[in-house]
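With chain A fixed as given, assemble chain B onto it according to the hints.
Chains A and B, in that order, give the protein sequences.
Note that the first sequence covers residues 1 to 492 in my numbering.
Note that the second sequence covers residues 1001 to 1995 in my numbering.
As a list, the in silico DMTMM-like pairs of lysine to aspartate or glutamate whose alpha-carbon atoms are at most 25 Å apart:
1) A:Lys469 - B:Asp1821
2) B:Lys1226 - B:Glu1077
3) A:Lys191 - A:Asp246
4) B:Lys1654 - A:Glu166
5) B:Lys1554 - B:Asp1597
6) A:Lys469 - B:Asp1811
7) B:Lys1539 - A:Asp26
8) B:Lys1461 - A:Asp266
9) B:Lys1654 - A:Asp21
10) A:Lys473 - B:Asp1815
11) B:Lys1790 - B:Glu1810
12) B:Lys1449 - A:Asp286
13) B:Lys1539 - A:Glu24
14) B:Lys1596 - B:Glu1077
15) B:Lys1246 - B:Asp1291
16) A:Lys176 - B:Asp1821
17) B:Lys1417 - B:Asp1367
18) B:Lys1334 - B:Asp1447
19) A:Lys469 - B:Asp1793
20) B:Lys1985 - B:Glu1127
21) B:Lys1901 - A:Asp463
22) B:Lys1461 - A:Glu264
These are calculated hints, taken from the structure and not from any lab test.
All values derive from a computational prediction rather than experimental measurement.
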Amino acid sequence: MKKISIYILAAALLSGSGCKDYLEEDTTGLLYGNNVLATQDGLESALTGAYKGLATQWGRGFIHPSANAATLGSDDVTTHPASNKADWREFDQFNPSTTNQRSNAVYNGCYKAIQGSNNVINNFEKTVGDKASIDIIVGEAYFIRAFSYYWLTRFYGNIPLVLAGEYSADLLEIGKSTPEQVYELIVADLKIAETNLPNAKRAPGRPNKGSAKAFLADVYLTMAGWPLKQTDKYDLAAAKAKEVIDNRALYGFQLLPTFAAVFENDPASTGTAEAVFQINGFTSGDSGNSTYGLTTMPGEEGGWDDMFAELNFFNQFPAGPRKDATFRTEFGLSGTKIPWQNSLTKHPYYKKWYIKGDVSNYQASLPSVMMRYAHVLTIYAEAKARGTGGPDAAAYDALNQVRLRGLPAGTKPLAATDGLSAAQFADAVVQERAWEFACERTRWFDLIRLEKVEEANANKSPDDLQPIKPITKANYWFPLPYSDTSLNPNLN
Amino acid sequence: MRKLVSLIFLQLILGQVVFAQNGSVTGKVTDQDNVALPGVNILLSGTSQGTATDGEGNFTINAPGTGSLVFSFIGYESQTVQVSNRSVINVQLRQESRSLSELVVVGYGTQRKTDVTGALSVISTKEFSQQPVTRLDQVLQGRATGVQVTQSNGSPGGDSRIRIRGANSVLGNNDPLYVIDGYIGADYNLLNPSDIASIQILKDAASTSIYGSRGANGVVIITTKKGTKGIKVTYEGQGSVSEVIKKFDLLPAGEFAEIVNARATATGSTPPFTAAQIADYKANGGTDWQDLVYRTGRGQQQQITINGGNEKTTFLVSGNYVKQKGIVENSDFKRYVFRTNLNTQVDKRLTLRFNMSGAFSRNHNTDGGGALIEALQWAPTTPAYGADGQPTFADPIGSVSRSPLDNLYDKSNDISKFNVNAIGGLNYQLPIKGLSLDLQYAVNYLDYKSRYVNGPRVTNKTPNAGLYASDQVTLQNTNSLNYNITLGNHSINAVAVLETQQYTNRNMSATAAGLRFPQLGYDNIGGNSAATVGSGFQKWTLMSLLGRVNYAFKDKYLLTAAIRRDGSSKFSPANRYSVFPSVAVGWRLSEEDFIKDLNVFSNLKLRGSWGLTGSQAINPYATLSTYGTTAVAFNNNSITAGVIQGNAGNMDLKWETTRQTDIGIEMEFLNGRLRLEADYFSKNTKDLLLNVSIPNYAGGGTQTRNIGEIENKGFEFSIGGTPVQGNKFAWETNLNFSTLKNKVLDLGGLPRIGTGTGAGGGMSITNEFMLMPGQPLGSYWGLNYLGTFKPGDADAAALQGRVPGDPRYEDVNGDNAITTDDFKVIGHAFPKVTGGWNNTFTYGGLTLNVFVNGVFGVDKLNYTRAGAMSGSGEARQFLLTEIRDYYREGNEDSDIPAFTKTYQPFTQSSRFLENGSFVRLKNVSLSYNIPSSFLRDKGTIRVFASATNLFTITKYTGPDPESSNVGSSTDTAIGIDRGSYPNAKVYTLGLNLGF
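This is chain A alone, in the form it adopts within the complex (with noise of 0.2 Å):
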């Protein structure tokens, strides 16, 4: 009997005293520390988690309509007067909030997308690996991060300049930085990816090295606009756009030989050449793309009502073929067609979004072009428009192959013998892009840099919404979200 309790004793006082490690955390399948990007493997990883903030349906970046809502307060695209819209409508009409979804979606992406590139980019240099190879995924985020950072300064002018991968506490008390603190880090980081990037896409969402270039020129052409009005800039735009321009077949770019065929928006192919940057889409898990469809169809159509033409804007768009394939004026899938005149919001809506076939889903496979080739010939024509010198044949020429792909065939290409002054010719060919761009988030950028906020939105139908109080330069950019002002009051 004693000799039980014994054993007893000895195994209870075995049993519980486990070892020292027995509260060591046990951390088999955690990523975490430095050495996830110590390989290349990693590093890779890592960079495709920075293209995430820029692809993450609804909640951050481009491959949903938060971009399109946030640039509203152009003259080109307006939405639906009552319904749902409310976070639509703050843009059209000058009232953004300091919590709208839509800004915040693009805010919240670029600065996620800033964070992991970041992180690449502070972290590379220990990374063992093919040294070409890491120096290719190093270009991508020095891109990524210049991209980010464009679209928030365009959007929010002052913002904070974080360069940290990872979180301290210090980021909760960082400052503004001024656009042009801003614009000369976008500018380094172009000139690091134009070097370390390739001629050749890795994949179709991927820049090369022309997106880096066509970039830094799109970069320069605002560089010379509002805000900082550093004229110097449009020769640079002009120089960097021609290199884009004259090594095209380098780089894989093309202006497709018809307008329709640039919005044939087929989910079976992966993109046209005349895209110089794509973010993609595929419908798996949160990576559908919801640009496209339901967000830009009428609710006759079951569509979503979310965005349409402008009337103005439509009536005098010039008719061609761009003119057709960018508008949809009948609305029904099937059977009677109602004209838009007749419609239940009584507005155009553009077909440029509609995905191929006219399949009514909120998504698809289909990429959001954040810059096409067509651009790249507009910013060369007004950059050189405006810069030493005036424009050249190569200015008319660019401007000529976008204008006569969309006009109708025989119309007349303008030549220098037209007589329009530099000051004129930069002009069309502002006024060009907004017809080759329209709802394509380009317009309100260069009304912005142009100061034509109030010109433009003066011009309203009395049919759309109007601003609610007078344009003033304060609208030119949104407040920064609550969400991050709440946390940190430097930001006020």
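What follows is chain B alone, placed relative to chain A:
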């Protein structure tokens, strides 16, 4: 020491001598009315030898002719009877003044209720045995002070929220700790209520500090039944029907169409309905979506218990089956529970026990949501089915989202749990008087699976499916030494324990989108290109040392001191260990002569306690910054896997600690006919673990930090008694209520922290709840709705770009713009007072039980109504009859906004915040015991009928004030109702057979 050894030796010899002279004694134990008492404990005085009476009250025991037997039974006065060489001894036990010698389980031991110094509630099986309960939460609701039970999900098998003395933790789930037969962290959902022998609820720190870092939210200790000698079989069967308590008032189709036209005209759009269509709707009606979504639910419960054994070994085997079809179409729940409890006495020192239970449950579509939201957003003018016999695919007028019918039938959401819990233990009386060793090992295995498929219709042609499976294994080892001794006026009970627990979770998941074969659902997702897989591993360990001493002097002055030291793997080494002490004192005034002389009290006790408890309200690995996995498309037909930074870690994390003080008084008058118990408590939680938002520019997400302080204070009061105790008729009643005042004291210097999940459908534009010093948890954050702008307010309206008839919100900062800067605290989601009133009337074999519960001082944000009344978010129109009163010319008094182009609604406002207080007739049940004479004493038959949620008094406009869904997992964000699954009225019939 030598003395002690020789004493033990003597004891051993004496024991053997006693055995040598044994003779067999038999007899029968009855009560005052000569009714046999089964399960009475009989102990041979001075030994650990004992037995219990069988189902007929008979017993047999070996006892020396010179010995004495001690008969004891809960609720009866113990009796010591000298054997005096008799072989037959019949004993009549007297019912004692209620509960004085009741034993209560206090965690790692038991104590006489009279000696308890802490605040604890006991729920006896008697209180619920006649009601159709299927789960523990239904037992706890309203029956114990300080315990709030909210059946927030009324679906079959839906979760309840249980809080003991409020919520201390912002981050943790604030659920009490459940201890079943010594296994810590058990899942009460998988417990068969018929297996419960007793429930004790530990509330104050003196009681809960023995559970240290997991005791802060209170502890519910459940002991399951043991077998008894003989053999007894009990069967119980129940069937029930249920229906929705209340529906929303929806506009008829014709009137709806007129209102839609009026709005279109007013905002410059084309009216969608023609006069002929409207006339047709008026003549023939439209679609009543609520009717299509709700149905009459049905349920059944089958239950069998076989219970038996001999003097040495007893067993209990039970099985329970529950099947319920909910009141929402295509939602149901099934559960099977089996249990075996074995106890055996190997010899006079050693007893062994083995309890094992196995349970399987399956929930199908019990999450409410979709269909219940869309039923209030789809237009009544839209037909339910198209010409092809399929549900209508899109609503051209109302909701932009999918049909209520597709939400019901084109998706499946299934959760299954398979749980096995095995507990083996031994208890050994050491050869030192009063000292015993107890070893217990427990293994808990949970196989959790959730599976979903969303078909092509409900996803708008992108069907998807997924599975998640996790294997969760918990191992527990508890080694305790117990010492009990009474020396003269001093009695001491002490326990020392070494305990370890280890939890591992291995999980995997697979999802596929764009299903090529949607008809295969989640059962074969491999054939789809867009598939993702994942797996994970989590582990935590806890190692604890604890001890407690109970000391009583003359049974009058009581002292309890306890301490526990916990070490947890969740923290970095510097913060790994923490100590949780407590002390409590009690004074049984009724044992003092000056009180006895008053001849008023049959029991009077004062008690007070102080102690610390903790909460490890964080997941493992919160100290580390980790990456999550993600996937990005770089082309149109595949995704590339990547890693993305998750939440920022914090190496400095430590335990959240709650300091609690409690003062209580217990009184009994008239020999127990009237009982009063009152407690005041104050809980203060510091080093609060909080998920603090990180700005999006710094990566977003949250970081867990120890900041801040929260306080909970309250009174608990219960009064019970037997107002009528006649020969045939008796009335027993118990009323209890509790108050609770919760306040955030400090947030580590931050002025406020927003919480909440952001309800979908455009309902919320920022966090719905705000933590602010001076305000309670669950403070709603929103705009103050002032009604509509009136004709005289045109100028004020114009300053905001609005016109008369538009909604007017309080412009708190006066900047003529309604923004989040104008948000403020508009209400509170925690009830201030909760209570319950339980009555049992008996007349002969008839028993009537009436149970009322109430919740007072609580607000609910009714987003279901907001969806149907804002004309925004997913719903484009107004659907409730209250829109009839909208603001228009001649009706400018209305606060329901006009139809204008400048209309901008904010659903996150006081307009949709409603009073959620209610009083509810929770249960009425009538049962009848067929007289035993009728059955020639061969068994018992009881029949019963019962109604649950029969009657509710409330101002809340939704179907059920008790249900809520959005963000209900933490207590910082509770009380939002957006298509929550409502509780039902349930009518049950049942039969209970025993033989």
